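Peer 1: Hints given; two lone chains; assemble the complex.
Going line by line, the protein sequences match chains A and B.
For what it's worth, the numbering used here labels the leading residue of the first sequence as 69, then goes sequentially.
For what it's worth, the numbering used here labels the leading residue of the second sequence as 192, then goes sequentially.
In short, the hints are calculated from the structure, not lab data.
For clarity, every value in this text was computed on a predicted model and none was experimentally measured.
Idealized CB from N, CA, C, for every residue including glycine.
You may find that some hints are simply not true.
[Claimed, not checked] Over the 12 Å line for every Cβ pair with chain A, so calculated as not near, a few chain B residues:
no.	residue
1	R310
2	G409
3	G491
[Unchecked claim] Derived BS3-like pairs (lysine-lysine); straight-line CA-CA distance at most 25 Å:
no.	chain 1	residue 1	chain 2	residue 2
4	B	K211	A	K220
5	B	K929	B	K951
6	A	K114	B	K388
7	A	K154	A	K166
8	A	K78	A	K114
9	A	K220	B	K929
10	B	K239	A	K220
11	B	K420	A	K78
12	B	K582	B	K794
13	B	K420	A	K255
14	B	K804	B	K745
15	A	K70	A	K228
16	B	K246	A	K220
17	B	K929	B	K1033
18	A	K328	B	K951
19	A	K166	A	K78
20	A	K103	B	K239
21	B	K895	B	K951
22	A	K301	A	K78
23	B	K1013	A	K78
24	A	K78	B	K240
25	B	K420	B	K523
26	A	K114	A	K310
27	B	K388	B	K524
28	A	K103	A	K114
29	B	K420	A	K301
30	B	K486	B	K240
31	B	K388	A	K228
32	B	K388	B	K523
33	A	K114	B	K794
34	A	K78	B	K388
35	A	K70	B	K246
36	B	K951	B	K1033
37	A	K154	A	K244
38	B	K745	B	K802
39	A	K114	A	K284
40	B	K246	B	K802
Below are the chains, spelled out letter by letter.
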Amino acid sequence: MKVLLIDIDKCNGCYNCQIACKDEHVANDWSPIAKPQPDTGQFWHKVTDIVQGSVPKVRVRYMHDTCQQCDEAPCITACRSAAIYKRDDGIVIIDPEKCAGNRSCLDACPYNVIYFNTDLNISQKCTMCAHLLDEGWTEPRCVDACPTGALKFGEEEELKDLLASAETLPSDTPAKPRVYYLNLPNKYFIAGAVFDPMADEVLEGVTVSLISLESKRTITLQTDFFGDFWFEKQEPGRYSLKIEKTGYVAATLEPIEASKDLNVGDIALQPQGETHV
Amino acid sequence: MSEQVFMQCTVGGPVRVYVKDGVITRMRPIVFDDSVDAPSWLISARGKKYTPPRKTTLQTWEVPERQRVYNNRIQHPAKRKHFDPRGARHPELRGKDECERISWDEALEMVASEITRIRETYGPAAITAMTSSHHNWGFLHYKLGPLGRFFNILGYSQCLDNPDSWEGWHWGATHTWGYWWRLGHCEQSELLQDALKHAEQIIFWSVDPNSTSYMYSGQDNLIWRHWLKELGIQFVFIDPYDNCTSATMGDKWIAPRPGTDAALAEAIGYVWLTEDTYDHFFVENRTFGFDEWKKHILGGTDGIPRTPQWAAEICDLPASTITALAREWAAKKTMLAVGSIYGATGACRQAFATEWARLCIYLMAMQGFGRPGVNFWGGTAGAPPIDYRFKMFGYSDNGWDAFGNVAEKSYFPFGNPVTQKTYRILLPDIVMNPPVSWIGEGFCGNSIEQQFQRFTCPEEGPNGAPIKMIHRHGGSFISTMTETNKWVQMYQHPNLEFVVMQDCHWQSETKFGDIILPATTNFEHSDLSEWGAAGGYGLNDFNSNHRVCIYQHKCIEPLWESKPDYEIYTLLAERLGFREEYTEGRDFEDWIRIVFEKSDLPKHISYDEFKKKGYFVVPAMPPDEEPRVSFRWFYEGRPSDVYSEDRTPPGPPKTGAGLATPSGKVEFVSQTLAAFDPNDQERPPMARYIPSWEGYNTAELTEKYPLQLISPHPRFSYHTHNDNKSYWLDDIPGHRVKRDGYAWWPVRIHPSDAGARGVKDGDIVKMYNGRGTVLCAAHVTERVRPGTVHSYEAAAKYDPLEPGVAGSPDRGGCVNLLSPGKMVSKNVPGEAQNSCLVEIAKWEA
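For reference, chain B alone in the conformation it holds in the complex (with noise of 0.2 Å):
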């Protein structure tokens, strides 16, 4: 068979597909036609041109997709050996127990009758069901589409997400500036023209682009911060680790105890408001609560002034580099770069994370931020002068059930009968433990109600039920979540009487399933997508070059026994009597005609064409469009304008030329969190430096636990998307580090640290605490702070040396093993990794 070549799209970015003998042999970026393909954008900032390369980049972590394909697949359906769905289940073996191979047919009949078993037993509430946070690419194949339409029109109790990687912001920082449906993001448009013309200086504060800010977008934007550099645009980062993109790019590098940020913040508002540099017209015109809040720093409220002083000895810099930085910031025309998703890691994931949040907008409140040059932005998504008013839908634009966009009848918000709600981060104690009580509703992107609504699981009455059946899809939560041995006692627990896992890999929680469930990757099935669009809550936060749209053939036939997820479901539903609901009678490929036909693709070009080609590039912007610049409305006090707030239901309300919060300013002094509990002292109204409930602090923890272990998203795997399959990931130091033939997770330490622990690098070294234990890979850097230790999260590996026993010392890397699982805070349930405490010392097996 002669070589084909085919599209696809992946979540690092779009690839081209090189298949011989049905057997995929290459993939590489697309590199554009220009004789077709729609001509690039240009800007003109302070006498240079800038337009971008004329094709699409991949994240590192797609660039060996091929071995994803290919590696560590579940190739058959199975069955846990001594799971007897009709006598002894032995949840206790789950995690310990072999695997038997079973046909299709008795895999799915299984399924079908322990499910129908189920809803008789205890009712449709038993039944709860999750993907993991990342899957493979396709519009309608990815997280939100054929498991969310299942369950939804079968009846399940929902599993709420936590916003995980951005916390602080999405309970914090909607309190302050509304955007609620942004889940606490601001808006973000058309902000690369404006830094390249007028800022002066991008502070980094706990963000890293270079290594997580691209989201599904290749690198695409990696060259415009190349840009700003030539412009010579300072860039000042504020990590305890020195990041790769501080690393390789910055200017200055400021490197706080974790944790204290809040206080660097208030001490940086202290120095602007003795030394009067601040922007007197927008605190009085676009804030509320000013008052109390420069009081409160003065030292009017409780007799401590946030001095730099006082500061200094919190964070563990020198008084005169906070006060330098705060000179320098309003000094300059500065953006901040949080705020946005791109803007979202360790520090707003950690104890009391809303109140770094908040003050960081309080900050740029004081510079005034939407005048140009001075914004929230880190030289990523919302930037660049592409088209955004081009329809073309996002995954997630129909919540749980993507097909819902286009089909006759939408089973998302409306179509599950099932009231009752479980919770992704308490979900073990949901399970062994009931009842169990929170507070906010996971992504509370509706309503700013939404954040104070109380849920139980069981729910009180007679639709409630205890959660007895677990359905899951794609990557591990045990790498994800936080205390995750809670995991592995949830599924060995007995109150969970069946465990389903669908998916491509043996990931590290597929073992603990009673049924396993073979799926494809998008590369056995088609699909159609934009590049990077996340749609729904990502409002247009587009990341890339050029907005590409992508037909995703079928490149190669399904690997082993394994079905598309969308199969797997139809194949169910069938059984369970609904597979005319589930399809509409549709094959997968009317579903994805409907979607073109609904988007605007066709004002442009043919489906035939589109499916021949594979791609379609979304003309830029005229280049006589002026630029609609995040905030330029509301610093000028004029109803907003901008493209990306003006679209996707339940949308912005019309709240003229103000904020979404009560008094349509920025709140120092949040009148929603006044109204909800106005004594919260862990979420005050205003916000403030509270300490930890676990750092450098609390002296009773640091006696057994010394030091301070941050856990960003990781550099070389979409979460748990690509590592343990893609092994050529495994060659790169950074990632894991090849010791003894087995590839172990690097955690990073300073020299000092290491030397008084005789660690040196490369060792192999336990790192815990009172919650479990990890082996990693020493990597003695100056790249990290002494006192604190650096590790991603997110490996894809979970290895105990005893199989199956919680506790048991993990070699994969699953650093998440030892997070806290205590919550951001008493009133926000969302995870605080990074406010972990352990201790360090040289393995020895």
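Pulled out of the complex, with its shape left as it was, chain A reads as follows (with noise of 0.2 Å):
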């Protein structure tokens, strides 16, 4: 059974995935596993760009969206005309003549990743490029044109040490999706910088602690050299922050609000027994 594994982490944006789909699918008929994909408008691998944090905390991810390959896939139960199967290798493949254009698979898909051909009157997706496997090929057109290894696909039991640590994407319905992510952008970081204003430098070395205002579980770590920290792959929730030197006095910040990835901003850490300024 086949499964494909995307690592967010090793993305860098290049959209090679999405366009060499392209290449695959545009103007060439691979029946009797897809008609040709329109030239713009479908995106049987897409990738989004995610832009968080401030200035100067900024961090780009990249998700990928794309057909998961359910194993109890909501497509193949709600299809009306039985267009919809599932192949000995776990991939699931609309059949585009004996769709008949209903659009209830587009519905039923939970990932919103089925899209439908006005022209041809049928619903198309991502075929993990059946076709190409059918002749012996190793992989789809995507994971072939990735640079880096982010995309990988295979056999499930070969990619099994990988998977353990893997995760699918949530849904409403329970589907079972073939396609795996690491690192999915669904944590964030919590990031800021302390300095001293009275000496007019960063401060190195600093404690800070971030405490969940909810578990209460806490994690602290020290300031870099340029008196950042970065608490990286944090749950969304409600959080306060202590920042603490000896020789300055001590400051909460709370509470901090994490829904997506944040800067809080360069923090003025008072030394003792001055007065402020």
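Peer 2: Right, dumping it as structure tokens:
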């Protein structure tokens, strides 16, 4: 059974996958696996950039949306003309001949990755380039075009070790996707910087504690050479930040609402015994 | 017909091309065949082993190459409707006129007879010709091939290129470290191993390798930067824009105001001097003039110490950040990602850019570059342990006659009887307002003296002539030169009697031609090449994981009536009576075979096998070969031993253990500049921060145009090569933004600047200044610092609301309509795109 594994941290947003899909499917008829994809408007493998944080602590990640090749695919049960089937290798195919264009699969899909082709009156989506796999190719075009190995394709058994720490996309309906993700952008950074306003210098080695106001769990780290602290991959929630260094008046920031990547800004730590100017 | 599979190479990597019934259906990278193809190299570093993937990679812009072949092509020879070579020429209608289809015979006859007439009336110097910066890949067919040989035999005013992507390094760094034979870039050799083993930090100063630094090499070196990150090597980025590498791989983003980089550099030097965190031995033994610089930085010359507080005001950065950066840099073994062609972006294309480039070298000298882990390198070229000794030609190896590498007679540099030159960036003025003078021979790769040579066009004396004819090849200069409404005016000027546009596609400027000649893409003719090999000035700057030589198969028949460039020039040469000199009686396959024979390929593979298979992987360096790292020889005080500096003429001078400067050392005070003009305050012998002639500091301009526009090379098109042809790129919002049925060029603006102007994300805005107006889609983002806007240069679509009217608002996104025509400084004839003030307002059509 085939799986696709997408490591978001290895994606640099080159879009080769999105375009290689076009190169394979636009103006090429791979019936009975797929009819041609329209020139634009459909993205069987779609890349979306997510920009978060604020100057100068900004990160970009790239989300990949494609058919999840579900083992319990809601589209298969929703289709009124029995046009959608699952192959032995796990790939879900919409038979372009049988598709009657009633669009029920589009509504049923929890991931919004099925498109409708009005010219051909059929639903269309990623086929994992099954027409190529059937010819002996080892991977679909999106994976072939990936320069970093952010996309991996293969037998579930072969990728077992990597899949152990991977997750699938959540959905309202249980669908059992065959597309797995590493480092999904559903956890966020909480970052900032600490400086001494009197000395006009950043403060290295400041102890910064991030305390979850819900679970009371505390993580502690030291500011780096730039006085920066980065709490990576935190769950969304409400937090308190405690900033301490010997010889300085400790500071607390709360509550911090983290629903996305967050730069709390530059924090001035006042030396003890000095009056604020 | 069954499916056929061919081999080809593009400007962004080699491709396997699948063809069915004479139509290309698919292109993909090469996956190596382990049973035949040479094994890859292996590097051991810090307990890990690194070896590259067994395939080639493609640059994003080449993945939709199938669309570039079929879209927006010039199908037939054409003539501008109101152009009559025997009567009224109506130059004022260039860009507005319709085009009429004519036959090849008519078109060639008209071009040949106009060339003859202009030569007889004004002399051969009245003709100039040029290609775009980049073109269809192929050693023989690339930009220095068919056009160069043709015009050098004919005789013409050579159009000198300005080093448009790295001006500051060319006109500045050469006076600090030599390397004029590399046009100001330093040597780059075996730095991947050195970085993986020893470096602790890379500082990318105005450098974005994930976007632009692959050059021709697909995305092969991206994996190196992942390895560096895996080993915990810190990436620091200095850029007003949180560039694509910074945004995904950066550990620290420092965003100074555009145009103030030199001030930041001086302040870093101040911290090192006052805290004594620099390499005294290196400074004393490998540099010249350090004490004078030290005095200047500490305030001993003008009473202004270049403190972090001083720079903070100028750069709009916290002084504490500047101090921290300086300390971190001195504390860690640091590579600085500038100094090579792959480290050439915004900061070297601005007013007084020579100063920042030179200061970068000063700083690295203070840290003793050449020792393990301390060097000029940004995770790109000159890096892997591939075999630099294998001989294969690069496209610039013989200057403006690639055929001359293997021909019985080369026509460059001594074929052209005309001594008059034009200068690309000044061409509109040269045509419209002659005479025009400038100092510096464009690419000064033969000697430092070329930088000081004086030119005037028309040349004085009987052999000079005003420019009357332009023959153009390839992409658009309206998109890539500066203040380019001038190009529109030039094309419509009565001084210009004849314009030929020879191209594959309807580019921005094609409609300005009187005669239009349709050329094939590389997929419609054969050629051979090495992937990524620029040769000449690039001297082995290999940027990919494997050296791969390609037999570029003709995959499909020429589309519509197009012909290969070589064939077009052969037919013109025949009409003008020099076909024999041009072709030496050879057909094209003969040329390919000679190149093959004169390379090292025959030592490994037969011609027939190479042609059939389509590619050859050059074996990697033997694993026991000791790496010869850039500048290690200089650091250790012995003669240079790097392979890359020992090949192509003119080559480096034999200076023993020194650099090619008068002192053989890094010159803090340049003796070449002091000899040329010791009183030049705009490029003084000793580099310093000089406030821009257009920037945050020019109050008379900022009142009307308060935003600073930076326009680096684009991420999703190789200059103008792919945009407006490969339309799948338009689905990438970072490339173009689709709105109301039109694909707009984005401009990035900070939320605070957008809010102040009532601009929302996705709004169509007009970006304007006294030089022009460009309509763009606003992208409101935290990736750009407040006060700065960012929009890539090189949109390949010039689409003014009123066609052919200079100054009409452009919908296509050619932001160089706005950039200043003023050059870097009075004696530095380079582009300064990033010294550009604009204002932005919501566009109400």
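Peer 1: Which earlier hints can't be squared with this structure?
Peer 2: 2, 4, 6, 9, 19, 20, 23, 26, 30, 31, 33, 39
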